[in-house]
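Visitor: One rule links them: number in the working numbering = place in the sequence shown (from 1) + 15.
Any given hint might turn out to be false.
[Claimed, not checked] Calculated lysine-lysine pairs in the DSS-like style (CA-CA distance at most 25 angstroms, straight line):
(1) 137 x 204
(2) 473 x 410
(3) 137 x 150
(4) 432 x 410
Simulated from the structure, these hints should not be mistaken for laboratory data.
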Amino acid sequence: MKSSSEKMAEPLIAKEAQKGIRAIEKEEKLVTKKLQKESKIVTDRFHLSGAYKTRRKLSDFFRLAKSGTITGAADNDPAGIVTYTQVGALAGYSLLWLMLLSLPMLSVVEEMSARVGVITKKGINLVVRENYGFKVAVFLALITACANILTIGADLAGMAEVFHIITGYSSAIFVVLIALALAYLLVQKNYKVISRYLFLLTPIFLLYIVSGVMVNPEWGEIVKNTFIPSFPHGSQYLMMAVGLLGTTISPYLIFWQASEEIEDHKGVRELRQEDKGVWLGMLFAHIVFYFIIIASGAVFFGQDKLLQTAGEAAQALQPAVGIWAMLFYSLGIIGAGIIAVPVLAASTGYVIKDAMHWAGGLNMREDKARSFYTVIILALMVGLVIALCGIQPVKALVYSQVLNGFLMPFLLFALMKVCNNRKILGHFVNNIWSNIIGWLAILVMLGFDIVLVFEWLK
16 MKSSSEKMAE PLIAKEAQKG IRAIEKEEKL VTKKLQKESK IVTDRFHLSG
66 AYKTRRKLSD FFRLAKSGTI TGAADNDPAG IVTYTQVGAL AGYSLLWLML
116 LSLPMLSVVE EMSARVGVIT KKGINLVVRE NYGFKVAVFL ALITACANIL
166 TIGADLAGMA EVFHIITGYS SAIFVVLIAL ALAYLLVQKN YKVISRYLFL
216 LTPIFLLYIV SGVMVNPEWG EIVKNTFIPS FPHGSQYLMM AVGLLGTTIS
266 PYLIFWQASE EIEDHKGVRE LRQEDKGVWL GMLFAHIVFY FIIIASGAVF
316 FGQDKLLQTA GEAAQALQPA VGIWAMLFYS LGIIGAGIIA VPVLAASTGY
366 VIKDAMHWAG GLNMREDKAR SFYTVIILAL MVGLVIALCG IQPVKALVYS
416 QVLNGFLMPF LLFALMKVCN NRKILGHFVN NIWSNIIGWL AILVMLGFDI
466 VLVFEWLK
């Protein structure tokens with residue numbers, strides 16, 4: 016039984032205890048604040064250090080560059096490499112000026128594709144289906160799938176031909192092995208693993224710059240033809256120009272770029288950085304194709320013959336610059352195919368699943384996106400059959416890119432409609448420069464297509 020004095024003392028004791036607790040808490044806050052301040056000073060000093068700045072810049076560079084560089088590297092697939100080689104062999108340096116024209120056009124097209132993916136979080140063909148109808152989406156899916164599958168077949172044939180030259184074994188064996196290996200990579204591995212593999216392979220394209228310098232080209236002629244346009248006459252020259260534009264501004268790159276932004280979970284805040292990444296990737300692609308044409312023009316131009324096989328192109332470089340050129344060309348073809356064929360197959364899956372409104376994506380397991388992965392496997396298998404049909408690799412590679420040149424204006428028109436629709440993109444619609452360059456790309460490609468058709472009809 017507590018006494019009355021004890022009862023009276025209890026509130027005072029509790030009050031004093033609370034004061035003590037508050038004092039301790041206040042002291043803890045002061046100590047914590049002091050420690051945080053000291054930690055911030057140390058962190059700031061570290062952040063201001065050259066080592067941190069260098070490491071941060073490198074990290075930002077590679078993060079920024081990855082998606083655009085993969086797309087740019089995929090643009091220089093075996094079909095592209097052989098097409099550029101044919102351009103140099105037939106037209107010499109006279110079409111180098113197209114690089115200055117196609118660089119801004121391709122960069123703007125890819126930037127628009129990336130913007131649609133980032134803003135809508137949907138594939139381009141799904142956006143087309145929702146806003147312009149199922150039939151339009153199916154039409155775009157069919158023409159893209161046809162171009163992609165033909166290019167897959169041609170790329171597999173070109174890679175197998177080079178393996179045949181290196182090993183002496185039948186190219187058919189390598190066609191099957193390559194197709195199966197790439198199918199496994201796409202289905203069994205998730206997107207992050209795939210993109211890591213693809214990004215690590217991109218430095219192989221720097222070999223073309225080395226090869227282009229080693230052949231001792233006429234640099235005066237190169238500079239002249241880079242800045243002064245010339246228009247060679249004849250259907251073969253026009254076909255090379257259409258093929259060059261078709262392989263540079265390709266259908267599958269549009270759908271792949273948008274889907275890649277979605278898979279990477281890019282946000283609106285990253286749009287400006289993504290623009291830089293796209294431009295960096297496209298510049299990389301153009302430097303590579305520029306030097307392929309230089310090397311090919313220096314070695315082949317004036318012989319008045321079209322190359323017949325990818326292997327012939329590789330062997331023809333050997334007497335000019337020795338065994339190293341053969342090695343460069345072979346590694347380039349193989350590396351290009353390993354990068355490009357998965358992108359071609361995956362973009363076929365994306366464009367068809369968007370048209371049909373199926374679930375799908377390289378980050379999804381196959382049991383959650385069976386239709387998507389079925390399309391990818393079918394694209395690879397049909398490409399495999401095409402490659403095994405005894406087609407002449409170079410003809411298939413070049414003609415597939417000429418087909419791209421004829422189909423691309425339809426896809427560009429659809430992309431321009433989407434990117435100028437405020438209901439879709441809000442205030443992220445095209446600015447005036449994107450519109451000027453986008454419509455210029457359509458007009459240039461249509462112009463070459465029409466002139467080539469008239470030349471064929473003569």
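Visitor: Confirm or reject each hint.
Guide: Here is what the structure says about each hint:
With a CA separation close to 22 angstroms, the supplied pair residue 137 and residue 204 stays within the 25 angstroms bound. A distance of roughly 22 angstroms separates the Cα atoms of residue 473 and residue 410; the hinted pair therefore holds under the 25 angstroms criterion. The straight-line distance between the Cα atoms of residue 137 and residue 150 is roughly 18 angstroms, inside the 25 angstroms bound, and the hint therefore holds. About 34 angstroms separates the Cα atoms of residue 432 and residue 410, which puts this hinted pair outside 25 angstroms; it is violated.
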